[in-house]
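If you read the sequences in order, they're chains A and B.
Positions 16 to 132 (this note's numbering) are the ones given, in order, by the first sequence.
Positions 1407 to 1644 (this note's numbering) are the ones given, in order, by the second sequence.
These aren't lab readings, by the way, just hints derived from the structure by calculation.
Treat the hints with care, as some may be off.
In silico DSS-like links for lysine-lysine, alpha-carbon gap of 27 Å or less [as the list claims (entries may be wrong)]:
id	chain 1	residue 1	chain 2	residue 2
1	A	K104	B	K1556
2	A	K98	B	K1631
3	B	K1496	B	K1449
4	B	K1631	A	K104
5	B	K1496	B	K1424
6	B	K1483	A	K104
7	B	K1556	B	K1631
8	A	K98	B	K1556
For clarity, every value in this text was computed on a predicted model and none was experimentally measured.
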Amino acid sequence: MYRGQSGMWLWILHRLTGVGILGFLFLHIADTYLVGFGADYYNELLFLYKNPPFRVLEWVLVGAVLYHGFNGIRLILMDFWDKAVDHHKTLVQITVVAFFVVWLPAGFFMLKPVFFK
Amino acid sequence: MATQVTVKILRYDPEKDKKAHFETYTVEADPLDRILDVLNSIKWYQDGSLTYRRSCAHGVCGSDAMRINGRNRLACKVLVRDVGGDAGKKIQIEPMLGFRILRDLVVDMDPFFEKYKSIKPYLINYEDAPASSERYQSAEDREIFDETTKCILCGACSGSCPPYWAGPDFVGPAAIVNAHRFIFDSRDQGAAERLSILGEGEGVFRCRTVYNCTDACPRNIPVTKAIEQIRRAMLYNR
Ligand code: HEM
Ligand code: SF4
Ligand code: FES
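Next up, chain A with everything else stripped away, as it sits in the complex:
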């Protein structure tokens, strides 16, 4: 094992979320494909997606997209803005704060209708 610092963990998370979103994309293509077999199949599946555990997973998916997006902006800045590397630590902090500032309220609005009816 290598004991990397923040940059290494952010990179691992970026890859995990990237691959995770890609996996969801395939799933989404598969479930939309069900419409071709008739509306009943599709509706039944959407019913399944409405279950509370799926809502939580949806929130995790939103988190993955948000994290991948915010961190992706940080990585793009690093390539194109010459001063970005000098502010590495600050940019990491901004990325993490921005992520939670959006993800936590999103969780509140997404989970409230399911768990506090």
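Position chain B with the ligands relative to chain A; hints supplied.
Frame of chain A, contents of chain B with the ligands only:
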């Protein structure tokens, strides 16, 4: 004041061992001793078979890069107290990742130096130097690549780099640092050649900006910054 320090070392003898394994030693050491002194003490007084590279013992030759408590460091530049060895913490020492282990802490640096050579780490200038003087360079032009002149080719950066572990053909941060040293040298005319080598699939675009290299470099070279400067030289001067 000397204290007892516990050291856990990853050992591997190709003639005897199928797999590397840890061995633990207790050494009397001063908080201000370096990890290299601790290794010497084990080799000289406990187990002469312990094998590692060292030469200058002062952070100049680049021989003794190894993983100390999970991070690449020069054994001669880390003190026992820096890693809490005097406060009773166990110190773990392993060879660098991304290299073949030859024996104990000694790794095969040949592929590393081949990659270093591949970026043409020497001055390329197709014109003769002025007969009466040296090639002139202003202090400002010299400053541009000052940081990357400091590399001692220890390999700590490349051995800390996930894309380097995963891709045996990736040139790695050390080779890129040394390309930077010439690409931005106003006396050099080989920038285009080096940029085309580093623009290939196994060049600078393999970097995932993980920053382990910048943290590992014992010469405090801003390695990631050098890599990004080369990327921008490619992106903006096409
Ligand atoms: C908000 C939009 C997005 C942005 C800003 C973004 C940004 C980035 C950037 C900058 C990288 C390069 C990472 C690096 O060089 O280390 C990357 C890698 C990647 N992205 Fe995205 N991306 C976005 C959306 C997506 C989506 C929708 C998917 C999946 C369908 C995805 C999957 C991936 C994967 C698998 C990688 C490779 C990870 C790696 O090489 O470590 N991304 N993304
Ligand atoms: S850039 Fe730093 S870590 Fe990498 S080989 Fe040179 S001195 Fe060692
Ligand atoms: S022994 Fe020379 S750098 Fe450590």
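Below or equal to 27 Å on CA atoms is what counts here, so check K104(A) against K1556(B).
24 Å, holds
Check your understanding: Is the straight-line distance between the alpha-carbon of K98(A) and that of K1631(B) 27 Å or less?
Key -> 9 Å, holds
Notebook entry, point to check: Within a Cα-Cα threshold of 27 Å, do K1496(B) and K1449(B) meet the stated pairing?
Noted result: The hint holds at about 18 Å.
**OP:** Decide if the proposed pair is consistent with the structure: K1483(B) and K104(A), CA atoms, cutoff 27 Å inclusive.
**Re:** This hinted pair holds, its Cα atoms lying about 24 Å apart.
*asked:* For a C-alpha distance cap of 27 Å, please report whether K1556(B) and K1631(B) respect it.
replied: Judged against 27 Å, a Cα distance of about 14 Å means the pair holds.
Fill in: Agreement of K1496(B) and K1424(B) with the hint, judged by alpha carbon distance not exceeding 27 Å
Given pair K1496(B), K1424(B) holds - Cα atoms ~26 Å apart, limit 27 Å.
Open item on the list: K98(A) and K1556(B) were given as a pair; does the straight-line alpha-carbon distance stay at or below 27 Å?
Closed with: It holds: about 21 Å lies between the C-alpha atoms, which stays within 27 Å.
Would you mind confirming whether the straight-line C-alpha gap from K1631(B) to K104(A) stays at or under 27 Å?
-> 13 Å, holds
Taken one by one, the earlier hints all hold for this structure without exception.
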